[in-house]
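Colleague: Sequence:
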Amino acid sequence: MAKLRVGLLFGGRSVEHEVSIASATSILGSLDPSRYEVRLIGVDRDGHWRVSGSEIPPELTIQRGAEVIPPWLPGQRALETLPPAQSSEGDGFGVDVIFPIIHGSFGEDGTLQGLLECAGIPYVGSRVLGSAVQMDKDVAKRLLAAAGLPVVPWVTLRGNDLLGSTPSARSAIERFGLPLFVKPANSGSSVGTSKVVRAEDLEPAIHEAARYDTKVLIEQAVDAREVEVAVIGNEAPRASVPGEIRQGHDFYDYAAKYADDETELVIPARLDTALSERIQTLALEAYQSLEGEGFARVDFLLGRHDGALYINELNSLPGFTEASMFPLMWEASGLPYPALLDHLIELAFERDAVRRRLELTYRRG
1 MAKLRVGLLF
11 GGRSVEHEVS
21 IASATSILGS
31 LDPSRYEVRL
41 IGVDRDGHWR
51 VSGSEIPPEL
61 TIQRGAEVIP
71 PWLPGQRALE
81 TLPPAQSSEG
91 DGFGVDVIFP
101 IIHGSFGEDG
111 TLQGLLECAG
121 IPYVGSRVLG
131 SAVQMDKDVA
141 KRLLAAAGLP
151 VVPWVTLRGN
161 DLLGSTPSAR
171 SAIERFGLPL
181 FVKPANSGSS
191 VGTSKVVRAE
201 DLEPAIHEAA
211 RYDTKVLIEQ
221 AVDAREVEVA
231 VIGNEAPRAS
241 VPGEIRQGHD
251 FYDYAAKYAD
261 DETELVIPAR
271 LDTALSERIQ
281 TLALEAYQSL
291 EGEGFARVDF
301 LLGRHDGALY
311 INELNSLPGF
321 TEASMFPLMW
331 EASGLPYPAL
341 LDHLIELAFE
351 RDAVRRRLEL
361 TYRRG
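Its first residue numbered 1, the sequence shown is counted upward by one per residue in my numbering.
You can trust all of the hints, since none of them are fake.
Heads up, simulated EDC-like pairs for lysine to aspartate or glutamate below, C-alpha to C-alpha not over 20 angstroms straight-line: (1) Lys-3 x Asp-342; (2) Lys-195 x Asp-138; (3) Lys-195 x Asp-223.
Worth flagging that the hints you see were computed from the coordinates, not collected in a lab.
Work out the full structure: start from the sequences and follow the hints.
Modeller: Okay, here's the thing in structure tokens:
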């Protein structure tokens, strides 16, 4: 039986470039070599695409892989023809399915998914709309609130409001009090996010967030436990057991996520059965409200004093190392890392089969 050719797509031009390489390295090491032939597709920081077989690690693919015709090169206005990369079998660099694990901008925001849709190739994860709305924290909050799901109160700044101490920014302090959180609407791994405890720190926090996006959120701060749920599925999604993140920082920032050995992942989270089931139910409702497909991680805030529950955000391409919350929560739910990868690839083909049944030309009758 021929092996499936899996294109593992990673790297990218976002601030989460290194996180993506780490995710790809873990996935590569866990895909069953008896079932899959993995072909690496690395996107460097300048937007150049490089390919290799699985004999070299993802990080070196970005540095030394054969350059291929990219879908775009930043700053250029014309397509550039490059020599085609050849595999050891001499059949070019064909793949049967793409496993994209480019976190953040140009990978998790619908742009990459649009390219894959145009190419007509099966791929893992949400489609264009689901990826875009899950990435944009402002749009996601609006859709979740419209669906009657609980979100932390917020205001959105754009345009002249990003200059700093504007009436819109000052009104957030009057409305929510202090402390506040300021974050880019489209960014991941808490990059550009600040906790504001003094009024004079609001303007610098807005400027910091505006380095990464043209739209910035100011949110009411909640003294809360951080609880997460992993969701997989297309039409009939299912939720993992919840997990909890415990860390000593002011909030779960980039350092706490990737550099602090004292950050503790508690899986399953220490919650009573009723609360755990409610969180799982809300995770599924949020996933479907934001057009989730394939998989996503749903992040919650659980008030320490009042028990209030809020959906913080959804991540359509969460961190995917073996030590990341998403696979660990599924491991605790009875689905080991390699089997989880198998299932996600199956979901990609399942959705592609549905798409292929749709007609693209008009016929009468």
